[in-house]
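> What follows is the residue order along each chain.
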Amino acid sequence: MTELKTVPSRISRSAGFLDARLGGAPFLRRNMRKIFPDHWSFLIGEIALYSFVILLLTGTFLTFWFKPSMAHVAYDGPYGPLHGVMMSEAYASSLELSFEVRGGLLVRQMHHWAALLFVASMMAHMLRVFFTGAYRKPRELNWIIGVLLLTLALAEGLTGYSLPDDLLSGAGLRVTEGVVISLPVIGTYLRFFIFGGEYPGDDVIARFYSVHILLIPAILLALVTAHLVLMWRQKHTQMDGKGKTNRNVVGAPFYPMFMAKAGAFFLFTLAVVVGLATFAQINPIWLYGPYTPADISAGSQPDFYLAFLEGALRIMPAWEINLFGTSEIGTVPLSVIIPALLPLGIILVGLILYPFAERWITGDRREHHIAERPRNNPHRTSIGMSAIAFYGVLWLFGANDELSAFLHVSLNLTTYAGRVMIITMPVLAYIVTYRMCLGLQRRDADMISHGVESGVIKRLPSGEFIEVHAPLTEDADAHIRGKEAIPQLPPGANGEGVPAKAMRGLIGGLRGRMSTAYGGEKIPINGANGHNGHNGHNGQGDHAAVTSGDDDHALGR
Amino acid sequence: MTAEDQPIEERAERVPQRVIGTPATDSPMLGAPETPEAEYVPPEGVKPADERQARRAERKVVLCFGITSLSVVAFVYFYVTFQVGSTQATGLSNFALGLSLMVAVLTLAIGIVLWARQIMPKYTLTQDRHPMLSEEEDREAVAEYFVQGANESGFVRRKVLRRALLPAAAALGVVPIVLLRDLDNTKTAAANTPDRLRHTVWGEKTKEGKPPRLIIEGSGRPIRAADFNTPGGLLSVVPEGHEHDLDALAKATVILINLRPEEIKSGTNQNWMHNGIVAYSKICTHVGCPAALYEQNTHHILCPCHQSTFDATDGARVVFGPAARALPQLPITVDAEGYLIAKGDFAVPVGPSFWERGDAEAKANTQGGGS
Ligand code: HEM
Ligand code: FES
Numbered sequence: 001m002t003e004l005k006t007v008p009s010r011i012s013r014s015a016g017f018l019d020a021r022l023g024g025a026p027f028l029r030r031n032m033r034k035i036f037p038d039h040w041s042f043l044i045g046e047i048a049l050y051s052f053v054i055l056l057l058t059g060t061f062l063t064f065w066f067k068p069s070m071a072h073v074a075y076d077g078p079y080g081p082l083h084g085v086m087m088s089e090a091y092a093s094s095l096e097l098s099f100e101v102r103g104g105l106l107v108r109q110m111h112h113w114a115a116l117l118f119v120a121s122m123m124a125h126m127l128r129v130f131f132t133g134a135y136r137k138p139r140e141l142n143w144i145i146g147v148l149l150l151t152l153a154l155a156e157g158l159t160g161y162s163l164p165d166d167l168l169s170g171a172g173l174r175v176t177e178g179v180v181i182s183l184p185v186i187g188t189y190l191r192f193f194i195f196g197g198e199y200p201g202d203d204v205i206a207r208f209y210s211v212h213i214l215l216i217p218a219i220l221l222a223l224v225t226a227h228l229v230l231m232w233r234q235k236h237t238q239m240d241g242k243g244k245t246n247r248n249v250v251g252a253p254f255y256p257m258f259m260a261k262a263g264a265f266f267l268f269t270l271a272v273v274v275g276l277a278t279f280a281q282i283n284p285i286w287l288y289g290p291y292t293p294a295d296i297s298a299g300s301q302p303d304f305y306l307a308f309l310e311g312a313l314r315i316m317p318a319w320e321i322n323l324f325g326t327s328e329i330g331t332v333p334l335s336v337i338i339p340a341l342l343p344l345g346i347i348l349v350g351l352i353l354y355p356f357a358e359r360w361i362t363g364d365r366r367e368h369h370i371a372e373r374p375r376n377n378p379h380r381t382s383i384g385m386s387a388i389a390f391y392g393v394l395w396l397f398g399a400n401d402e403l404s405a406f407l408h409v410s411l412n413l414t415t416y417a418g419r420v421m422i423i424t425m426p427v428l429a430y431i432v433t434y435r436m437c438l439g440l441q442r443r444d445a446d447m448i449s450h451g452v453e454s455g456v457i458k459r460l461p462s463g464e465f466i467e468v469h470a471p472l473t474e475d476a477d478a479h480i481r482g483k484e485a486i487p488q489l490p491p492g493a494n495g496e497g498v499p500a501k502a503m504r505g506l507i508g509g510l511r512g513r514m515s516t517a518y519g520g521e522k523i524p525i526n527g528a529n530g531h532n533g534h535n536g537h538n539g540q541g542d543h544a545a546v547t548s549g550d551d552d553h554a555l556g557r
Numbered sequence: 001m002t003a004e005d006q007p008i009e010e011r012a013e014r015v016p017q018r019v020i021g022t023p024a025t026d027s028p029m030l031g032a033p034e035t036p037e038a039e040y041v042p043p044e045g046v047k048p049a050d051e052r053q054a055r056r057a058e059r060k061v062v063l064c065f066g067i068t069s070l071s072v073v074a075f076v077y078f079y080v081t082f083q084v085g086s087t088q089a090t091g092l093s094n095f096a097l098g099l100s101l102m103v104a105v106l107t108l109a110i111g112i113v114l115w116a117r118q119i120m121p122k123y124t125l126t127q128d129r130h131p132m133l134s135e136e137e138d139r140e141a142v143a144e145y146f147v148q149g150a151n152e153s154g155f156v157r158r159k160v161l162r163r164a165l166l167p168a169a170a171a172l173g174v175v176p177i178v179l180l181r182d183l184d185n186t187k188t189a190a191a192n193t194p195d196r197l198r199h200t201v202w203g204e205k206t207k208e209g210k211p212p213r214l215i216i217e218g219s220g221r222p223i224r225a226a227d228f229n230t231p232g233g234l235l236s237v238v239p240e241g242h243e244h245d246l247d248a249l250a251k252a253t254v255i256l257i258n259l260r261p262e263e264i265k266s267g268t269n270q271n272w273m274h275n276g277i278v279a280y281s282k283i284c285t286h287v288g289c290p291a292a293l294y295e296q297n298t299h300h301i302l303c304p305c306h307q308s309t310f311d312a313t314d315g316a317r318v319v320f321g322p323a324a325r326a327l328p329q330l331p332i333t334v335d336a337e338g339y340l341i342a343k344g345d346f347a348v349p350v351g352p353s354f355w356e357r358g359d360a361e362a363k364a365n366t367q368g369g370g371s
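These protein sequence lines are chains S and D, in that order. Every letter in the first sequence is one number past the one before it in UniProt numbering, and letter 518, counting from 1, is 518. Every letter in the second sequence is one number past the one before it in UniProt numbering, and letter 9, counting from 1, is 9.
Hints are computed from structural coordinates only; laboratory data are not their basis. It cannot be assumed that every hint is accurate.
[What the hints assert, rightly or not] To spell it out: a stretch of chain S is covered by chain D in this simulated footprint if at least three of its residues, at any positions, have a beta carbon under 8 Å from a beta carbon of chain D; those stretches are:
#, region
1, 167-178
2, 351-360
[What the hints assert, rightly or not] Straight-line Cα separation of at most 20 Å, EDC-like style, residue types lysine to aspartate or glutamate; simulated pairs:
#, chain 1, residue 1, chain 2, residue 2
3, D, 122, D, 50
4, D, 363, D, 345
5, D, 187, S, 202
6, D, 265, D, 295
7, D, 122, S, 38
8, D, 207, D, 247
9, S, 261, D, 58
10, D, 210, D, 345
11, D, 205, D, 245
12, D, 187, S, 203
13, D, 122, D, 58
14, D, 363, S, 320
15, D, 122, S, 202
16, D, 265, D, 311
17, D, 210, D, 335
18, D, 122, D, 51
19, S, 242, S, 46
20, S, 522, S, 446
21, S, 242, D, 128
22, D, 122, S, 328
23, S, 34, D, 44
24, D, 187, S, 198
25, D, 205, D, 337
26, S, 34, D, 345
27, S, 261, S, 46
28, D, 47, S, 3
29, D, 363, S, 328
30, S, 67, S, 203
31, S, 5, D, 44
Computed from a predicted structure; not experimentally measured. Cβ atoms here follow ideal geometry from the backbone N, Cα and C, with glycine treated the same way.
Kindly produce the complete structure, drawing on both the sequences and the hints.
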């Protein structure tokens, strides 16, 4: 068949029908050829999106059989070892899904694997956005939506994990109860409200069920939609390179290229999830038996995304205070409250505030659409690595028992090591990362001034051997030269001259000092496009921002 | 002319009628009407893929899509032939269904990628970005509307209105909170709620009016002191009459340990023991996991959740880990037939700490804890 010359009349007729009712042509005209920049790291967010879709589909399948009831029944299904055992209907129906529904086990395992992939890819996506500064203006709101999505996903995972009501999921539920009850003032009441009275009661599974399949997914869906709409409207960031500026987008058009690739990528994600569900067993609930608060299976561990909380609980010293010294009121179990709330609080609040804190420190109010290379903003990158180290230590010590068994050291020693590492590792990560960033910047500067090593050795007339350096390719050159000095507040804060108004007083002085440390050009590139000044507002070269600082009084800020 | 070309209805008297026979003004959404002579020419800068290479790619893509279809057929076949039930049968079905589905999805994905990469033309486009900030003119218009609307509503000038509205809205917000009160189905009065955490069923009597016996968990049998006589042994026990009551077990499950008299230290209340048998709450004082592990040599009770470690010889005091308090000791003795029974409830609340717990130990002591 030959090429189309015009739109086939069938399509044109039905499109005409819709257009007469929706008036969509201007929208499609603007968006069908919308440009999407290409880089492997931009795919991570897509994985998160696709695993969410898979979760919705598989989860809906599970609801057709799952019974969110804690009523007791004697098991009479085909799984021999549990014959006649008393269990909740929730557990019995999860067993039914596994052993009596064809494909049920596959879908259950797909659901669980997709949940892990969902959270993991969200975390990775968030790191990508953080380290490239893609959260900067105008994308702060989408960054906050992202943090909410991650938080809700953790809650969604927690409620889902509790549904099958096996011994392992019950252990997680018990820890949840212990944490809730330890909260000062409201804890006791909250615990009675959640569980409908005593623990475990008859209600919690049904309640978690509506939260898990209705409340949180609905909010997630709304937020995911908002996230995508904002991304679409603000256009994707792009990596630096030849011809790429803050004023353009370079890439492939949505239709047909990006559409085809995105469709294929969804299928790849699905294939991976199906593959994992086929070859890697996950949460074999039949092995654990029904939940009873009297028993526990050794080596109980939550899914990976909650392991950092587990680790925090494990390395926390046994602190508890009795505020008023009475026997009626005032018990504050710090050994529970601190690990349950502090790390999560630090991470989430830190994430939400970071874009605004950075803006406050650098005074940078411009729009940014070029992804910054992590090395070119060494303090940000070091703070990020420091946070990863903090999270990583907690995560690692969520398995301190296995760690000590593996290293053949006592559990006590491992735990003490954890207490030390939770302080030292973030500091160490900061220092090491900072050095590495500067080292990499130095290498970039070298490459710009001397070119890259070509591997060709030449002998000079003097008898000396040298390696011939070849100039960089245009694109690599542009990529490196894209570096821009990090803006700083106007000088005077801690130097001579009258400090600017914002820089007076204690807070102002601190702000000025932080700005001096955070911003500026650490390793200037020879002959870079005039970015080596220490004033953030003079970047009028190739990478001049879209607007300068005078949009302060803007309506939509 | 298509059915979609009709303009908005206008009152007949105001609009001149279109003269019959003249063409309609609208055209379909996508493109001009067909003009068969025009050749499709790709826009400038778009180079179609090399035809020979595209042909080769096409064959690969078709192969991929063919495998997809076959795998779906296989999937349906496996669904019908492999039944589930036993662990083996379910495993086989899972494997067959999963593998065929994975191959189907994977080959479809690979086919599309090959298609996009080797058949579609590869080029980059550049589009302009514009600042997100709206045009001055639009912003000013919005600001003007806002001021006008606010003034028209009287929200600013009529303070009383405003002051009445806000409390009214806030008052409505109370409704959902009130409605959620019965989430606690037991409807215990707020003041008594914490009390429910202070007691377990060990303090109650059985149907026959006797103190509850200690029942071996899972077996339903009571235990004679004389039968639990090997030092170093550990048993998990539950209260008589509540063997399957999860709410009761969540607080009342107990571990029994047999100690040699010379090992017992001062932290253990000897009045609450019987012949070297001591009973501690199994519910960890950290966040409530069952402290189920016991090391015979060291007499350490270990909670598998966060590794709190308690010394069984010394009133189960904490020797390591995040738990802040000892496991409460249950007072036990034997009945006339030699079966172990509870002498009464725990003197202090079991399980994790809570706000109203306070210094329960001090209270227990002043009330004569050695009952
Ligand atoms: C969006 C994020 C979601 C996450 C992170 C998530 C996570 C989980 C997890 C970890 C489990 C335990 C799985 C297991 O038994 O091995 C679970 C179970 C379950 N989920 Fe989800 N889920 C999500 C969305 C959904 C949705 C949208 C639905 C329904 C519309 C759903 C329905 C269910 C059901 C019915 C179960 C219990 C099935 C069983 O264990 O046999 N989930 N979920
Ligand atoms: S629940 Fe026992 S150590 Fe945490």
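> Taking 20 Å as the top limit, are the C-alpha atoms of residue 34 (chain S) and residue 44 (chain D) close enough?
holds, 18 Å
> Is the straight-line distance between the alpha-carbon of residue 67 (chain S) and that of residue 203 (chain S) 20 Å or less?
Holds - the C-alpha atoms of residue 203 (chain S) and residue 67 (chain S) are around 13 Å apart, at most 20 Å.
> Please work out if residue 363 (chain D) and residue 345 (chain D) have their alpha carbons no farther apart than 20 Å.
holds, 15 Å
> Is it true that the CA of residue 242 (chain S) sits at most 20 Å from the CA of residue 128 (chain D)?
Roughly 15 Å separates the two Cα atoms, so the pair holds.
> Measure nothing beyond the straight line between the CA atoms of residue 5 (chain S) and residue 44 (chain D); if it is 20 Å or shorter, mark the hint as holding.
holds, 16 Å
> Does the structure keep residue 522 (chain S) and residue 446 (chain S) at a Cα separation of 20 Å or less?
holds, 14 Å
> CA of residue 122 (chain D) to CA of residue 202 (chain S), is that 20 Å or under?
violated, 60 Å
> CA of residue 122 (chain D) to CA of residue 328 (chain S), is that 20 Å or under?
violated, 74 Å
> With a cut-off of 20 Å on the C-alpha distance, tell me whether residue 187 (chain D) and residue 202 (chain S) pass.
holds, 15 Å
> Mind checking the alpha carbons of residue 205 (chain D) and residue 337 (chain D) for me, to see if they're no more than 20 Å apart?
holds, 17 Å
> Next pair to validate is residue 122 (chain D) with residue 51 (chain D); report whether the Cα-Cα distance is within 20 Å.
holds, 14 Å
> Take a quick look at whether residue 261 (chain S) and residue 58 (chain D) sit within 20 Å of each other, Cα to Cα.
With Cα atoms ~17 Å apart, residue 261 (chain S) and residue 58 (chain D) stay inside 20 Å; holds.
The earlier numbered hints that this structure contradicts are 2, 15, 19, 22 and 26.
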